[in-house]
Every structure is written in C-alpha cells, then in structure tokens.
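Letter by letter, the chains look like this.
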Amino acid sequence: MRPFTYIRPATPQEAVGAFAEAGEGARFIAGGTTLYDLMKLTIERPAHLIDVTAVRGLDRIEMDGDRLRFGANAAMSAVAGDPTIGRDYPVLSEALWKAASQQLRNMATVGGNLLQRTRCMYFRNGGGGIYPCNKREPGSGCAAIGGLDRGQAVLGTSEACTAVSPGDWPVALVAMDASIEVLGPAGSRSLPVGDLYRLPGDTPHLEFTLGPGEMITAITVPKTPAGRLSTYHKIRDRESYAFALTSAAVALEMSGDRVEGARIALGGVATRPWRASEAEEVLIGHLLTPELALAAGQAAFRDARPGRHNSFKTELGARTITDALIIAAGRGRT
Amino acid sequence: MTTTPFKDRPRIDAFDKVRGATAYAADIPVPGMLYAMLVPSVVAKGRIATLQVEDAINVPGVVRILTPDDFPPPPEPVRFPNADAPPTLHRDIAFRGQPIALVVAETLEAATEGAERVAATFETQPFAATKRSALAVREEARPTAFGDAGAALAQATMTVDVEYESPAQHHNPIELISTTAVWADGRLTIYEGTQFASGIKEVVARILRIDPGIVDVKSPSVGGAFGQKGWVQQQTAIIARAAMLLGRPVKLVTPRGQIFHLAKFRPNSTHHIKLGADAAGKMTGVHYVADQQQSRRGTFPPDYHAGPTRLYGIRNYYGGGLDYRIDTQPPGHMRAPHEHPACFAFECAVDELAYSLGADPVDFRIANDTRVDPQNGRPLSSRHLNECLSRGAQRFGWSKRTPKPGSMRAADGSLVGWGVASGIYPALVTATVATLRISADGTTRFTTTHHEFGQGIKTAIGAVLLDGLEIDAAKLDIVLGDTTAAPQQITAGSWGTFSVVPTAALAVERMRAAISELLAGRQVSGAIHQQLAAIRRPFLTVEVSLLGPGQDAAALERLRRGQYAVAGPTFPDFTAMSYIAHFVEVQVESTTRRIRMPRVVSVADCGRVVSPRTAVSQVRGGVVWAFGAALREVTEVDPRFGGFLNNDLADYVVPVNADIGEIDVDFIGEPDPVANSVGVKGLGEVAMVGASAAIVNAIFHATGKRLRELPVRIEHLL
Ligand SMILES: Cc1cc2nc3c(=O)[nH]c(=O)nc-3n(C[C@H](O)[C@H](O)[C@H](O)COP(=O)(O)OP(=O)(O)OC[C@H]3O[C@@H](n4cnc5c(N)ncnc54)[C@H](O)[C@@H]3O)c2cc1C
Ligand code: SF4
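Keeping their order, the protein sequence lines are chains A and B. Each residue of the first sequence is one higher than the last, beginning at 1 in this note's numbering. Each residue of the second sequence is one higher than the last, beginning at 1 in this note's numbering.
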C-alpha cells in the first residue's frame, strides 16, 4: 500500500475545490468498500483521498416534489430500509437489499455504488502483470476472452473487453429513468444514470463519463405509479452475498392484465447497466402471459454474443426477465 | 466400559469465542514485533533471473529483505513431507505464487509496499497447468485389489460404468495462514495455527540446521484447520529465519489472495467406476480407478479406496490410483481428503445402479451390508450403517418418496428431489501422553498431545475430566498444541477423540487411585481441591501415556520425535470405521433452476458420543461443507497461465447461511466395544462423507439428470 494524503471537507464546494487542488492522483472516497479494496489489489493507487462522508446534508433522502432524491452519501442500507421506498418502489429497495452484505450496505453509499468497478477475475487478480487486461493495462490484451469467461458479459461487449458492470442499484436506476446531480470544477449538471456508463469499445479502461474532479451529489428518480408494480430479481451463485449472474429490474404499468408501460433493465449480463427496450416493446399493449414474458426475455438477448462458458446467460437471463415480469405484475393483485 | 451417554455440555471455549477473547496464534502480542510480507512468483515455472530489492529497501520502515541467498543449503537428503522442495526461498520456481522474497518492516503497510516494489525477472519454462496438459506426467500407484473384479463384473446381471469429477478446492478457513517467530535467549519460539506443532519443531530445525531442542511451537487455538494446516507450511521456516537474522520477533499473516497458491488444496480428481450387481440385488464387483492432479514431487497419495472398499459387502474390488504430475504447489489434505470425492463418486454410482435395478436406494444399500472388512476378512469393531440408514429414512419420511424422477413437486411448482447416500471413514488413533495436575488452590491443568481447532476436542476432554473427577470446572485449563507442554502429534483424520479421550479417561482413573491412596481411608468431604488442602498437599500430578491397539513403544518414540505415530483402521484383531447416512431434500426452481436444500437428515455411527453439542456441530459443518463441495466451490485454472485464478472469498464461492436449510442430526450412540476404553471412534471427517452424493442423487430424483461433475451449477439444469 502506498502512502496517500487524506482530508475530510465539510461542503461539496470544498470537496470539489480540494480535488482540483490535489491534482494528479486525487480520488473521492465515500464508504471505501470499493476503493480500499482496489487499493489493496494495486489497481487503484491514489495519492490523495478526499473523503466526502463529512460533507453536510449529502445523506438526505427526500420525497417531496415529483422526484425521489437520494443524497450521494446516503447508506445503501438507509435507502433499502426506507419504508416508503420499500412500498412504492420495491425495485429500488430490492436492488440494494440483494447487494453485498449488511455490513457493506451500512458502510457503502448509494453514490459510491454507481462507480464500482468490474469483478472480472482477470482484472482483479492480475497484480504483477500476470494476466493481460485492457482495463488494467490499456493495450495489453484481454485474458477473459478465450479464457474462463463464465462470469463475463454477453451484451455490449467488444473485442477489447467483456467485463460485466457489476452493480445492482444502477440497473434499477436505469430502469426507473433516474438521473444524477453532479458538481464539478465547471459547476453543476445533471445527467441520466444511463449516460454515466460507457461501453468498453476500444477503451475499456474508460468506464464513466464523469470529468476529473466531478462529484456526484445526488441521485433523483422521477416518481411513477410503475414503481409499485416493480421488482429487482437477481439470480446468483448463492442465495446471498454474491454478484448477479443475471438480474432484471422490472417496473410495469398495467391495465388489468394488459401491459401499458414496461421498463426493463438487466444486470450481470452486460458491460453497462442495460436497458432492454427490445423486451419492453414485445410487451406493450399485450396481455401479460408467461409465454409473452418469456418472449420478451428472449428478445432482450437477441444480440447476445456469448463466449465459451457463458452462453447459459442468454437462456437464464431470459428466464430471469420472465420471472421478474410475473413477480412485478403480481404486485398489482395483492 | 460404562455405556451411559455423556450429557450435553456447552462448548468449553464458547464464552471466550462469542466475546472475541479466544487468542489465535496471530493474536499473541509480542513486544518489538516486525511485520512481514511474502513476494509471490508471477510465473508458474522457471528460475529467478534477477531479483531487485533496492526500491523495496528504500521504502521507509522496511528493515530487511530476505532472498534465496539468506537460506542455508538444504540438508541432504532433501526430503520433507509433501513438499516439492524444502519450504524456504529458492531460485527455482516450481509453481505460481511460490514465495521468492520476504520483506520485513516496522509496519504491515511498509512491508506490503516493499513487497510490491520487489522486482523480479524470470527465465520461464513451459509448464503443465492441469491433468490434461501435454507436459503432465502420468504415474501409477499401487492398486488396492481383492477378489476378482473382472470376473465379477463379467458375470454381473447389471452394471454401471460411469465417470465422476471433483474439482480443485481450497479450504479457506476464516483464520488466514500466519506465523510469528521469536528468537530470544537462544530459543526459537513459533506461534502458528497448526495441526502439528511438533512436526514444525522438527522440520524447521532441520531446514535451518538448528537443534530441535531449542525450538518451541505453540498453536493455541486454530481458526479452522481442515487439513490446510496439517504439515509444515511454506512460510514457517522463512519467518523463523527472518526472526533469527534480525533478532526481533517477526509476524506474517498472509493475505487471502496468496493462500490460493501458498496453501495445500484438494486436488482435482476423476473417478471412473464400474460397478456390478447380481440378479438378487447384491453388489458383486467394483473396478474403480481414481486419478488426481499432483505436483512434481508431492506425496499426497492417489489412494481413494479406504472408504469404498468397506462401505458394503462387495467381495471383488480393483482400486487403481494415478497421479498426473503438473506444476502447482503440492495438493494435500482437505476435510475427508479421499473419502469425500471417493464417496461422492461411489455413492452416486450406487444410486445409478439401484435405479438401473429398479431398487429403492435405501433398501439396496441395506441389503449390501457386511459384518467383516472386505479388504482382509477381519471383523469390524462395530458397524451400524444399516441402523443409520433405517433411522434416517424414518426421520426423513423416506417412505413418502415416489421413486420416479421429476414426480414430486413443491407448492410453488419447484421440482422436489430426495436423495440418500452413505459415508464412511477410518477410525484412526495416535500415541498420546498427558499430564493431569490438580491443585489445592482450585485449579486443574491437563496438558496433552493434540490441537484444538474448533472441532471441540477440549470440550470432549473436559467432559471426561469433569464427569470423572470432582473438580472446579471454571478453573480447568486444558493445554493443547504446545510442544513445551507435551509432545504433539498431527491432529487430523478424526483421530483426536479416539486418541486423547481414552487418555483423559486413563488419567482420571489414575488420579482417583492416587487420591484414594493419599487419603488412605480418611473421609474428607468436598472437591479434590479441598481434599488436597485438607491433607496439606499443594497439588497432585499423574502422568500417563497411551497407545492405540497394536501400537508399541516405537510409536511413543515417534511421537516424542515429532514423527507420524498413527495407527488404523486395520488393527491386529479388527478393522474400525465410522459411518453415516445422509438424506437430502432439494428443490429445483422450475424457471431459473436455482437449486435449494431445505432439509437434511444425517445419522452417524461414531461410537459413543462424548460431547453431544460439538458432535452435532461437526455433522452440521460437514453437511455444509459437502453442500459447498457439491454446489459451490471450485478453484479455477486457466491453463494458459497456470496457477489458480480465483483468489478471494467473492470469487471462491463458499455457502452462505441463506443456502442452508434445516440439518437434523442424530447419532446411533452405541459405544464401540473394542476400539478403546471409552467406546469412541471418529466423527469430524465422516460427517461430510457422502453428503455431496446425497445432494447430487436428490438432484437426479428431482430432475432426471445425472450430473457427474462438481460443482453442479445453475447452467447444468437449464
Ligand atoms: C464483498 C463485496 C460484495 C459486494 N457485493 C455487491 C453486490 O452484490 N451488488 C452490488 O451492487 N454491489 C456489491 N458490492 C459493491 C458495493 O455495493 C460497493 O462497493 C459500494 O456500493 C461502493 O460504495 P462506497 O460508498 O463504499 O464507495 P467507495 O469505495 O468509497 O467509492 C467507490 C468509487 O466511487 C468514487 N466516489 C465515491 N463517492 C463519490 C462521489 N460522491 N462522487 C464521485 N465519486 C465518488 C470513489 O472515488 C471510488 O472510485 C460488493 C462489495 C464488496 C466489497
Ligand atoms: S474482460 Fe475487460 S476487465 Fe476482464 S480481462 Fe478482459 S479487458 Fe480486462
């Protein structure tokens, strides 16, 4: 572990100012559950840490107006445990509940969560240059392609990288058309959560669209009745404490058994939180039957490009969407 | 032998454990401590060309960097238990992750940074990463054979011919691998979580060319052993050397990621089984060849037949074993090292045969009982496998099972499968010594051979002492794993209880005799402490030693020299084995095919149950482990790079609580009449044996799919 400086500013402006001043090698840090981990793996080697957890008011959860607003510092467990969110937006609280462990959720923030990095084993375990990895060492190649790729993505991959975007929460947010508010050296702006993530293309080491020193201050979600008929369905290698093999965030607007509106986003299968508009189109205007739900699921994977060991993700992913649709629709009947 | 069941007692160290007060080796505080970090090789095979340490030395706080040049040449002949080379630092690289240097610093952070900055270049050589690699060297071991398997199979009316695969797996106990070494006043003291303190004492002394008489090893409490800590580990002598060179205590706690290459592991193995039965439903012949991955000079034997030969009354058996020597660290023992993979394969094959015959899997097993050891015709000391099967079937409700695969469903539409399998493990024993001292001040101290690693051996010893002697339980100190207290023997293979509980019983007997001799007919009321006070004796000590059946004084001598002193399961007059039957329900979700295990019933025959509470824990833990082995755990190898790919607890998937349903445990509890004075056999290992097969057999019953490769994963059922 290399030495670094550490400060805890009290306001967003101070934090952004401190970042700019620190220059090269500065990083924001919130719960630290991603960043410290990456530092131990020698993937991240920050020279300056700007701890944003003391920034006042950044952990508020607000629900007045026409948007839900989560301060970037709100703990995953705080948002997950909010009773209103649990009732009116189960997709949001389930995406958080089904992530990590209670200890991690208590530490981790909903803002830091958006910027976690892939769990690709070659990426994480390649200290000392053992495995070629374009994310770790641009231009070195990709060990996962042609290797042990069971966990890798089937959607949004490139010749340079097939790493999965690991988070659950971003998937739910993308389904719910959420945005983030950002404060940077050039002032504040807001952008859809979906636009935060880049496809790997030829530059898999560039993952996010935030500029240097830009800090996430809040996440906002437009209020919608579809929130009630929603779920985050996550299939993983064990019953808890694992990243998704496949997951689906689903929110529906129904008229009786007919689908009026559908939002579907996928996790575990794509290189970024993946909005499955092909699946949504299959559903709209039709009666939701198990057969239709499966057809929608399959539509989402039409363009899938499996590797050697992960072709099951297309079938499993389609069935995950199927089950998620049935669960979400079922919430209207109780 | 008294046969009254022992009463349920809390775990002796429970209170300390829940308060976090239990001291593990790495917790022992030593003033002036230095911290160490190993530098692992990034290549799988070759030789260090250059090793640059300047950058690392310049890290503030780094005190010294040990390289291969800091070690004496290996003693001749170079023979160390299950190691490819003496466990020190070398220029020749035999496996990825082999330590090439040790950075010692004033802080852990400096040591870590220093280790990152050690720069090595290698002359690489081609390597074999898996059994199937072109450079793997095939080596046949001596077979286990009796009867005429070929003829029996030729005459069988029904045969199955199947191949099963068990992957490489790592133990991953919570306690990380660690060594603390202190060199002071001409003595070397090593604190390490180990199952074999005396082994370390002897081997480290030999490597470092010092007198074992000046080496003390203490393994106060091990945070999970399971075979990982059975022999001298790769890092121990390196840390000891560092402490001697620096004259200060040095501690290493290896990061989880390094353990995948530093530690022993369960080798990948393949089990090809031909199994035949006659028209009456009796199994008549087995031809079973197991092959496994092996390191270039590793010695973990490919002998998978101790269990399967004795599970049933099969008179004709050919059991072959093969090593494929490749370039990894040596594989080694991991809970039920041979019996788990063997009984997974064998008990699945038995299930397949029962199905081919249209027989009920429980009845079929019961009909194939034996009263003798089929290997050699010796009587069995005790065998209650059939009772385990029938009692288990009853507790589980087996009679409600419909045999057709896919014929049972849960309320939510999931497919339900019920599976059964038996397990078996040798009952083994070691020579032991013990000293029991009871003092007038209320204390009692019992020091003996063997180690506590959570299996509950202290609680079992305590049960015997507290049942047999009126002493103050709160002031009873049981000292284990300490070479200064008693010569230590490797604690493994479920032989702890068999070895040391009868020793404790003997000490109790001698103590009672000594007390009554001292009292010489006087009536003194109160506990022994008060009796001693009354007759003005500050303390009373008895020393005992005990051998297993058929062992002679040579075993005691081996014990005193830190050498292997184990006997069984074949003793002069009998063979002794422990048995278990597992019944498992799985539910397979109809769409995404998640596999769940809502309930298990396990009934064990381990002889008399000395410590009911820890015994139940052992079985639960064994079933959980078997669940992990069947459905979760695999250490992955990318043959292009060698070594192992996964290296943390996120990508080495062990079960979580939410995975595990109800585990109902019962014991036959019949004392073994001949094995020892207390009637115990062994439990820790047999607990998991067969449970993976029961799970996979249940999956077949649920889905109709015979899955023959572990771990079974969601994609195999889509
Ligand atoms: C063992 C384990 C299991 C996990 N399992 C799951 C899982 O199943 N599903 C899942 O979704 N996640 C999982 N996670 C990931 C976890 O959710 C994230 O680590 C966590 O959400 C990150 O939040 P944090 O506040 O700790 O971020 P930090 O580690 O503090 O920061 C993460 C990144 O965000 C940046 N950052 C932090 N705050 C801001 C800000 N306000 N503005 C700009 N940049 C910022 C940091 O510079 C850093 O790059 C797991 C993590 C671990 C360690
Ligand atoms: S998939 Fe991406 S992260 Fe993984 S090894 Fe390839 S380039 Fe690296």
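Misleading hints may appear alongside valid ones.
To be verified - Covered stretches of chain A (in silico footprint by chain B; criterion: 3 or more residues with CB under 8 angstroms from a CB of chain B, positions within the stretch not fixed): (1) 232-244; (2) 311-324.
Stated by the list, open to error - Just a sample of chain A residues kept apart from chain B, beta carbon distances all over 10 angstroms, derived: (3) P3; (4) A143; (5) G147; (6) S179.
Everything labelled a hint here was simulated from the structure, so no lab data went into it. Just so you know, even glycine gets a beta-carbon here, dropped at the ideal spot from N, CA and C.
Legend entry - Reported absence of A/S179 from the contact zone with chain B (all CB gaps over 10 angstroms): holds, 30 angstroms
Inset, instruction - Please confirm whether A/A143 is truly not at the interface, meaning its C-beta sits more than 10 angstroms away from all C-beta atoms of chain B. - result: violated, 7 angstroms
Legend entry - Non-interface claim for A/P3, where every Cβ of chain B lies beyond 10 angstroms: violated, 8 angstroms
Legend entry - Given coverage of the segment 311-324 of chain A by chain B, tested with a Cβ cutoff of 8 angstroms and a minimum of 3 residues: With 7 residues in contact (Cβ-Cβ under 8 angstroms with chain B), the coverage given for the segment 311-324 of chain A holds.
Legend entry - Interface exclusion of A/G147 relative to chain B, criterion Cβ beyond 10 angstroms: Non-interface label fails for A/G147: nearest chain B Cβ at 5 angstroms, not farther than 10 angstroms.
Inset, instruction - Quick one: see if chain B covers the segment 232-244 of chain A, three-plus residues with Cβ-Cβ under 8 angstroms. - result: With 8 residues in contact (Cβ-Cβ under 8 angstroms with chain B), the coverage given for the segment 232-244 of chain A holds.
Figure legend: structure checked against the earlier numbered hints; hints not met, in rising order: 3, 4, 5.
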